[in-house]
Every structure is written in structure tokens, then in C-alpha cells.
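Undergrad: Residue numbers (full-length UniProt numbering), protein chains in the order written: chain X, 1 to 158; chain V, 1 to 157.
To be clear, the hints were calculated from the coordinates, so they are not data collected in a lab. One or more hints might be untrue.
Taking lysine-lysine pairs in the BS3-like style, the calculated list, with each CA pair at most 30 Å apart, reads [unchecked claim]: (1) Lys-75(X) - Lys-11(X); (2) Lys-97(X) - Lys-7(V); (3) Lys-11(X) - Lys-97(X); (4) Lys-75(X) - Lys-86(X); (5) Lys-86(X) - Lys-50(V); (6) Lys-86(X) - Lys-27(V); (7) Lys-75(X) - Lys-27(V); (8) Lys-50(V) - Lys-75(X); (9) Lys-86(X) - Lys-11(X).
Just so you have them, the derived chain V footprint on chain X, three or more residues with Cβ under 8 Å [stated by the list, open to error]: (10) 9-23; (11) 63-73.
C-beta atoms are modelled at their ideal positions from N, C-alpha and C, and glycine is treated no differently.
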Amino acid sequence: MYFEDAQIGFKADIGSHTFTADEIIAFASRWDPQPFHIDADAARESLFGGLCASGWHTACTWMRLNVDDLNQRTKDAAAAGGPTPKFGPSPGIFDLKWPRPVYVGDTITYSWEIVDRRESASRPEWGIVTYLAEGHNQNDDRVLSFHGRFFMGRRPIA
Amino acid sequence: MIGSTRKAFEDFTPGDSVVFHRTRVSKEDIVDFAADWDPQPMHLDEEAGKASILGGLTGSGWHMICLLMRGMCDGFLIDSTSAGSPGVDDVRWLRPLRPGDDLSIRYTVLDARVSNSRPGIGIVRFRFEMTNQNDETIMVVENPIMFGRRQHAEAAS
Numbered sequence: 001m002y003f004e005d006a007q008i009g010f011k012a013d014i015g016s017h018t019f020t021a022d023e024i025i026a027f028a029s030r031w032d033p034q035p036f037h038i039d040a041d042a043a044r045e046s047l048f049g050g051l052c053a054s055g056w057h058t059a060c061t062w063m064r065l066n067v068d069d070l071n072q073r074t075k076d077a078a079a080a081g082g083p084t085p086k087f088g089p090s091p092g093i094f095d096l097k098w099p100r101p102v103y104v105g106d107t108i109t110y111s112w113e114i115v116d117r118r119e120s121a122s123r124p125e126w127g128i129v130t131y132l133a134e135g136h137n138q139n140d141d142r143v144l145s146f147h148g149r150f151f152m153g154r155r156p157i158a
Numbered sequence: 001m002i003g004s005t006r007k008a009f010e011d012f013t014p015g016d017s018v019v020f021h022r023t024r025v026s027k028e029d030i031v032d033f034a035a036d037w038d039p040q041p042m043h044l045d046e047e048a049g050k051a052s053i054l055g056g057l058t059g060s061g062w063h064m065i066c067l068l069m070r071g072m073c074d075g076f077l078i079d080s081t082s083a084g085s086p087g088v089d090d091v092r093w094l095r096p097l098r099p100g101d102d103l104s105i106r107y108t109v110l111d112a113r114v115s116n117s118r119p120g121i122g123i124v125r126f127r128f129e130m131t132n133q134n135d136e137t138i139m140v141v142e143n144p145i146m147f148g149r150r151q152h153a154e155a156a157s
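One chain only, chain X, in its complex shape (with noise of 0.2 Å):
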């Protein structure tokens, strides 16, 4: 696959996760730990009303989901002969939103969607694919939207 396949509107639907209070702790402890994502008793007081996933924790769980999805369609991909996707480094992402907690036992359903593509000017062997990544929790509520970046290897010129 190579940035001349990847067209917008094209849809990844990469998987969903159900948030343990265990894990919600065990992340935050190390990454974030606000009274409200690691104490219960805390998050109850606080105006989330309940323990709650820290906002970094729901979006490195898609980054996750994301990666395991894209190693198994590359897998696919070099099982059935075809070219593997070559990517280059993200130069970042943009417009985060948490419009809503993710709290314990949600699942969170994830997806990315190519938005927008440009070839690099600088760079003739790789195009940029703009993305919008979302996560939806087991009421169809939106609980993650971001845009981001990345760079994809261009269909060798014969």
C-alpha cells in the first residue's frame, strides 16, 4: 500500500477497549496522577462525580489500538504480496478534544479516518495524510476526537 491508495474518506475502525479501575489507576499513577483519575473517593467529590480515565490514557489507548491495527494490514499486506506501507515520522497532532469522561467499565470504541492528503514539496518520496481520530463510548457518546499527521511512503516512479 502507498500513499497513492490512501484516499479520503477511507475508514479504519481499529477496535475497542473497556476501562478496568485497575488500569485507569495503574496508568494515571504513572502519568497523571490527579486526585481524580487514582482515588475514587476523590473523583466523587470532584466535578467528574466518579473515578475517570486520565484524558492521556483514552488517547494512548487508540495510539495502541492503531499500532497493533496497522502492524496486522502491513502483515496482510506482505502475506498476499503486495507492497508493505512505509511511514515516516508524525510531525504532530492538533485540535484534541475530551468531550466527555471515560469512566469505569466504558468501552471505548476507536477509528481514524483520512481527511486530507497532500503530496510533500520538499520531499518527492513521501505524501502526507492528514487523519481524524475518534473514540465513542458504549453509548455512542463522543469521549476523544483529534486530527493528526503522518508521512507515507510514494509509489516508487518506474
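Fit chain V to the given chain X structure using the hints.
TA: The following block gives chain V in isolation, referenced to the frame of chain X:
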């Protein structure tokens, strides 16, 4: 009277610029993070890193974000009236995170305003810069954080 000494909305003035955290990142830190959250070869394996565009083992961009988040917690957030963040405007990964990096993290206050809908809360918009030992900025993040206002916190305590 913890409420009177914690950092509150009033303690952030546009133009403030403060290095609030320093941390060192080892190869093990980079590989451990990547194994959990971003298991791409260039974050897990020295040889795969050398073969990549960045020419060596590099940390995940998400690792940089998590290092920032932890630095914010230790640097000023835990001991504050923080009420969380509605989102992040922009994360730019400018240079790779490498094993052995000594990182400094700075905030600059871009603006600060009282919430229209919740007068007990103020919204502070920050630019965060993560810089390595060679004085190279490796990541810039801009995002708002909500803080309780001091007079309201004292009235409530």
C-alpha cells in the same frame, strides 16, 4: 488552610515563563513506554531505529506527551486548584526523544480569563516547551487548563 497556598487561577499571568520540571529518560524508559502504547520497531529496537529515517532508537511522541503530563503534575498541577483540561490545541513533535536525554519543561502563559458560564473557574492557556540537553526544543504543546479562582476556593473551604 491548604486552599490559600495552592496555585490558583490568579497565579498565572500572561507572559509568565517558568521551567517547572526536569527529567532524564533512559533507553529502558523509551522501550517500556513503547511496549505498552506505541510498539513500533523504531521505538523498541536499536537496530530498527538505526534503519529508520531518524537514525537511532527514538521515543514515541506519546511518551513525550506523557512525560509532559507527569512533569506538569509534579511541577505545579497537583498542588493547585486544577479542574482538568477540555482539550489540546496543538502538539508539535519537532525532534526525536533519544535515550539519555535530559529534558527541561517550560510553560509560558498565553492568556488567562474567567469562565463566562462558571464564574468560580478561570481558564489559562499555556504553551509548553520540552527542551533537551543541547537546548533543542523537541516538542511544543498548546492547551488550556481550568483552575478554581482563589477567592472562591477560600470561600468554599
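Undergrad: It remains to establish, for every hint, whether it holds in the given structure.
TA: Status of the hints after comparison with the structure:
1. Lys-75(X) - Lys-11(X): 19 Å, holds
2. Lys-97(X) - Lys-7(V): 25 Å, holds
3. Lys-11(X) - Lys-97(X): Between Lys-11(X) and Lys-97(X) the Cα gap is close to 20 Å, so the pair holds against 30 Å.
4. Lys-75(X) - Lys-86(X): 13 Å, holds
5. Lys-86(X) - Lys-50(V): 15 Å, holds
6. Lys-86(X) - Lys-27(V): 25 Å, holds
7. Lys-75(X) - Lys-27(V): 27 Å, holds
8. Lys-50(V) - Lys-75(X): 22 Å, holds
9. Lys-86(X) - Lys-11(X): Measuring from Cα to Cα gives roughly 18 Å; hence the hint holds.
10. 9-23: violated (count 0)
11. 63-73: Three-residue rule met by the region 63-73 of chain X, so holds; n is 5.
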